[in-house]
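Asker: Now for the letters of each chain:
There are 2 protein chains.
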Amino acid sequence: MRYDGRVVKKGTLLPARDLYHEAVKRALVKEQWTITHDPLLFSYGEVNFQVDLALERLLAAQRGHEKIAIEIKSFLRSSAITDFYGALGQYLCYRLALKLSEPERRLYLAVPLNSYEKFFQTKFAEAVIAEFSISLIVYNINDEVIHLWQ
Amino acid sequence: MRYDGRVVKKGTLLPARDLYHEAVKRALVKEQWTITHDPLLFSYGEVNFQVDLALERLLAAQRGHEKIAIEIKSFLRSSAITDFYGALGQYLCYRLALKLSEPERRLYLAVPLNSYEKFFQTKFAEAVIAEFSISLIVYNINDEVIHLWQ
Numbered sequence: 061m062r063y064d065g066r067v068v069k070k071g072t073l074l075p076a077r078d079l080y081h082e083a084v085k086r087a088l089v090k091e092q093w094t095i096t097h098d099p100l101l102f103s104y105g106e107v108n109f110q111v112d113l114a115l116e117r118l119l120a121a122q123r124g125h126e127k128i129a130i131e132i133k134s135f136l137r138s139s140a141i142t143d144f145y146g147a148l149g150q151y152l153c154y155r156l157a158l159k160l161s162e163p164e165r166r167l168y169l170a171v172p173l174n175s176y177e178k179f180f181q182t183k184f185a186e187a188v189i190a191e192f193s194i195s196l197i198v199y200n201i202n203d204e205v206i207h208l209w210q
Numbered sequence: 061m062r063y064d065g066r067v068v069k070k071g072t073l074l075p076a077r078d079l080y081h082e083a084v085k086r087a088l089v090k091e092q093w094t095i096t097h098d099p100l101l102f103s104y105g106e107v108n109f110q111v112d113l114a115l116e117r118l119l120a121a122q123r124g125h126e127k128i129a130i131e132i133k134s135f136l137r138s139s140a141i142t143d144f145y146g147a148l149g150q151y152l153c154y155r156l157a158l159k160l161s162e163p164e165r166r167l168y169l170a171v172p173l174n175s176y177e178k179f180f181q182t183k184f185a186e187a188v189i190a191e192f193s194i195s196l197i198v199y200n201i202n203d204e205v206i207h208l209w210q
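These protein sequence lines map, in sequence, to chains S and A. Counting in this note's numbering, the first sequence runs from 61 upward without gaps. Counting in this note's numbering, the second sequence runs from 61 upward without gaps.
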């Protein structure tokens, strides 16, 4: 098994963050996405960024390729709202920077199903997501499937 | 000296975060602002928020009172960009929630002068601040004055 350019021995325990990353990758491959960058590097002026994944998928009727980028969040901290502030700020900064280098690539924030059910469906989180037009992917860590594209 | 409802003995060491908070308060009082809430509590649906300070100042020519709220950031972490993501997300969430309860109160993000000079004047940070119309207060922790309102 190769992982991020390093050979990881079978049975090695991955940090929780990486487990989530791998689960999202497998869920997207099931939906016919091809991973093109892991991670995708880009920059804006003197600031460098790396978003977790870049993927593409052939569109029907020869309309070319659909390109997306995904920042994967595990929301493992005890404070959902603190994680949310950080994820929102990061997503908006990445989207602004990415618009300059690859305007056709849509950026998604991937969040686990339990966080989505507990926090993202509150009236407040829904208002923020609508206000800033955030594209969400909700993934299920247990069965490694994409639960929702929003 | 009273501090946040607790009596703090002269000579007691305050955590760095509180030192910044106190310095910003003194700098604003020098500019004729009156502190009305420390902190200001508000809510949106089931989510409760508290922004560091609420202040008001009499406007010239009997035009009433100008009301503001300030979230004070010390940017003490080693990663300016991680602090920036969190501060941006928190500011945008607070502003959205505050618009519902007190639409006339303008929200500012207070940042220390050294962070402003090192990070906030990069091309990228300037683009983010313009994109999201962020109101900034730049404070000098050493002489306890407001360096800039932006």
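Note that these hints are calculated values from the structure, not bench results. Mixed in with the good hints, there may be bad ones.
One copy or any two copies: either way a pair holds, since identical chains are not told apart in the list.
[Stated by the list, open to error] Here are the computed lysine to any residue pairs in the SDA-like style, where the Cα-Cα straight-line distance is at most 25 Å:
#  : residue 1 : residue 2
1  : Lys183    : Val107
2  : Lys183    : Ala76
3  : Lys159    : Asp203
4  : Lys183    : Ser103
5  : Lys178    : Asp98
6  : Lys178    : Glu126
7  : Lys159    : Asn200
8  : Lys85     : Gln110
9  : Lys159    : Gly146
10 : Lys159    : Ser139
11 : Lys178    : Phe102
12 : Lys85     : Gln210
13 : Lys178    : Gly105
14 : Lys90     : Leu160
15 : Lys159    : Glu191
16 : Lys159    : Arg137
17 : Lys159    : Val205
18 : Lys90     : Arg137
19 : Lys178    : Leu119
20 : Lys183    : Asp112
21 : Lys183    : Thr96
Asker: So which of the earlier hints does this model not fit?
Answerer: 2, 3, 5, 6, 7, 14, 16, 17, 18, 19, 21
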